[in-house]
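Can you build the whole structure from these sequences, using the hints too?
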Amino acid sequence: MSKISNPINAWLNTQDSQFTPTGKSVLIPLELKVLKDWTEATIDFSFTSPDRNLTASSIKISPIVLKNHKAQQITKTDVNLTVSEDGFYDIEAKITVTLDSKTGENKLLTTLRFGVFSFQGKYIYDFSSQAALDKYAEIEALSKPNKEVKTLINLAETNKITSSDNKLTMEQMGEISRHIFAEKQKIEALYNNQYPSLLRQSLPTKPSLRRGQKVTLIVRWSINSENTDFLPLDKAAIEVKGSDGSRFKGVLNEGKFTFTVPKDNFTFTATVFAEYSDKFTVYRQIEIIDQNGKKSSKVIPITTNFSDQLNYDITDGTAPFWSVFSAVMDLTDIAKKRLKFEREKNKKVYVDVKKDSTYYQLLNGEIYIGNDDFYDWDVIAHEFGHAIANESNSIKFIAGGPHTGDNQYDYPDNKKTLNNKKNSLGLAFNEGYGTWVGVRLLKESNYINKMPYVGDDFYIDRAQNGSVMINIDLTEHETTHYVYGEDTELAITALLWQLSDQNKNPYIRALCSRNTDYISYSLGDIFNKIFKGRQLESISDFYQGMFIDYVGVQSNFLRTAVSGTKIKEKILQRIHDLAMPFAEFGIGINIDDTKSNEFKKLCWSQLKSGLLPGHDHFDIYFFNDDQEVV
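Read in the UniProt record's numbering, the sequence shown has 172 at position 172, and its numbers run on one by one without any break.
Hints should not be assumed to be uniformly reliable.
[Said to hold, decoys possible] Computed Cβ-Cβ distance ranges for the label pairs, DEER-style: (1) 206 <-> 340: 46 to 56 Å; (2) 50 <-> 82: 16 to 26 Å; (3) 589 <-> 278: 46 to 56 Å; (4) 606 <-> 419: 11 to 21 Å; (5) 39 <-> 422: 37 to 47 Å; (6) 246 <-> 528: 23 to 33 Å; (7) 249 <-> 206: 54 to 64 Å; (8) 245 <-> 50: 33 to 43 Å; (9) 109 <-> 619: 51 to 61 Å; (10) 422 <-> 185: 56 to 66 Å; (11) 185 <-> 100: 15 to 25 Å.
These are computed hints drawn from the structure, not numbers from a lab. For each residue, glycine too, the CB sits at the ideal point set by N, CA and C.
See below:
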């Protein structure tokens with residue numbers, strides 16, 4: 001059943017963190033979003049430390065109490081944090097929201113996690129303590145680079161990596177990444193010398209490598225934020241740099257890369273790049289304050305490094321980014337195979353973006369993935385669907401802005417679509433298309449039964465803590481969140497999902513038809529025959545295209561038919577078969593054919609759940625038993 005399981009979410013701004021002196025407090029912006037009326041929210045904090053027996057006096061976080069006097073969906077506040085001792089801190093915020101008593105419900109609960117790394121008189125925070133360590137090392141390394149690396153990181157300024165002409169080479173990315181990795185190793189060594197920790201205990205045994213030996217490295221990525229389950233990392237670029245200056249470059253094949261050892265007692269550092277051939281690279285943007293206090297923005301390709309290990313599970317601060325890489329890589333391959341469509345070369349995907357936001361940027365064709373969605377492949381697929389829509393000229397973008405899936409014509413938070421029929425239809429069509437094509441592509445994924453929720457018939461969106469927030473059954477049409485109409489993306493998604501079901505599965509039907517679906521199209525058929533290159537503006541344009549392809553004539557062909565004109569039964573049956581799924585979602589006029597007795601009076605209606613005006617013009621034709629126009 002389609003539902004919003006937990007209409008509450010929280011976002012913490014960890015992207016803007018900088019060093020704070022130990023013992024001093026920092027305010028971290030927090031946004032709380034609740035989709036129901038509420039009166040009070042309390043936020044309580046607890047922490048664990050994976051490497052030291054730190055006490056409650058080591059860290060102080062003030063509890064938060066919020067009053068929602070203005071009944072706003074989004075409430076802003078700050079987390080007041082003070083860290084007094086060195087260490088790794090994994091923090092959980094327990095959020096309890098008291099609902100308005102008129103709703104009949106009492107409490108909503110959710111959690112939010114983030115981490116801190118503190119050392120040498122300063123601390124920094126991020127979405128996990130390991131990510132905080134990585135950020136600590138990044139800022140230290142990039143604020144005091146050697147001459148060679150300084151030249152390279154200047155190329156990574158936001159205003160310079162804007163095209164493939166300015167794209168860093170693998171060698172250049174590798175030098176920057178290894179420079180940061182060396183700084184991280186230095187920090188870890190200093191920390192371990194000062195504090196016996198789990199880091200020291202978990203160091204792998206260094207292999208003994210001989211000249212001429214064939215060595216296979218195995219790299220895996222984690223499918224969840226707890227780093228408990230791993231899959232082989234496929235198609236990511238890798239470079240192995242030996243202590244003797246030798247280099248071996250290639251691509252991971254189902255997690256494996258093989259090279260021949262050039263000398264005895266060989267040692268190496270391997271760098272894995274979130275780069276898939278010339279198709280796309282995953283980046284993140286970080287803010288650096290140098291020794292002179294000057295602030296600059298750097299765009300850094302996602303990499304992970306390891307030294308002298310044959311088996312490497314990615315658990316550092318980049319761990320969740322490899323889920324994003326694997327999702328976009330998988331979708332890229334499926335789109336080429338099933339849609340015969342390839343995106344332009346050297347596209348960019350950004351992770352760890354500011355604000356609680358995941359989106360596709362129309363102007364530059366870039367995909368941005370927020371912290372909540374690293375493991376939400378349906379959400380990533382939705383944004384990839386927008387990329388396909390734009391780059392294949394399938395959809396004409398009319399209006400952007402906020403949307404919840406409900407009737408966009410009535411949605412007060414988007415002034416572009418509120419009471420604007422053209423814009424509300426355009427947004428619903430665009431968003432419904434994104435979900436349809438993206439999630440339908442995942443039905444062909446190589447990660448079915450490996451990655452949670454991939455390849456099913458649901459659209460799933462999870463909160464940062466992994467709990468399911470939105471669960472839309474794309475086959476249960478009678479209860480599609482109880483919204484109908486051409487201005488709701490949920491109705492558009494479900495309609496497109498039904499029409500592209502080549503196997504004609506007997507989905508749960510709405511009340512308008514006793515029959516199952518007769519229309520048999522594949523995803524590729526609809527994409528290439530109806531969408532590609534057409535720049536459709538709304539579901540009405542899509543209907544016109546489907547009518548021509550499925551029925552075989554123009555939709556207005558009867559307007560010139562005179563009385564007595566005989567119409568082929570096949571054409572009339574196909575018109576009816578096409579009309580019924582559109583009527584199911586309030587997108588077309590419904591004449592109820594669920595009753596087998598003769599009509600005594602003719603009634604037509606339209607399923608509606610919003611205030612969007614219904615159809616203001618339609619034609620009615622009557623035929624006798626010989627299919628002749630009356």
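Each hint tested on the structure:
no. : hint                    : in the structure
1   : 206 <-> 340: 46 to 56 Å : 48 Å, holds
2   : 50 <-> 82: 16 to 26 Å   : 20 Å, holds
3   : 589 <-> 278: 46 to 56 Å : 49 Å, holds
4   : 606 <-> 419: 11 to 21 Å : 19 Å, holds
5   : 39 <-> 422: 37 to 47 Å  : 39 Å, holds
6   : 246 <-> 528: 23 to 33 Å : 48 Å, violated
7   : 249 <-> 206: 54 to 64 Å : 23 Å, violated
8   : 245 <-> 50: 33 to 43 Å  : 37 Å, holds
9   : 109 <-> 619: 51 to 61 Å : 54 Å, holds
10  : 422 <-> 185: 56 to 66 Å : 58 Å, holds
11  : 185 <-> 100: 15 to 25 Å : 53 Å, violated
Of the numbered hints listed earlier, those contradicted by the structure are 6, 7 and 11.
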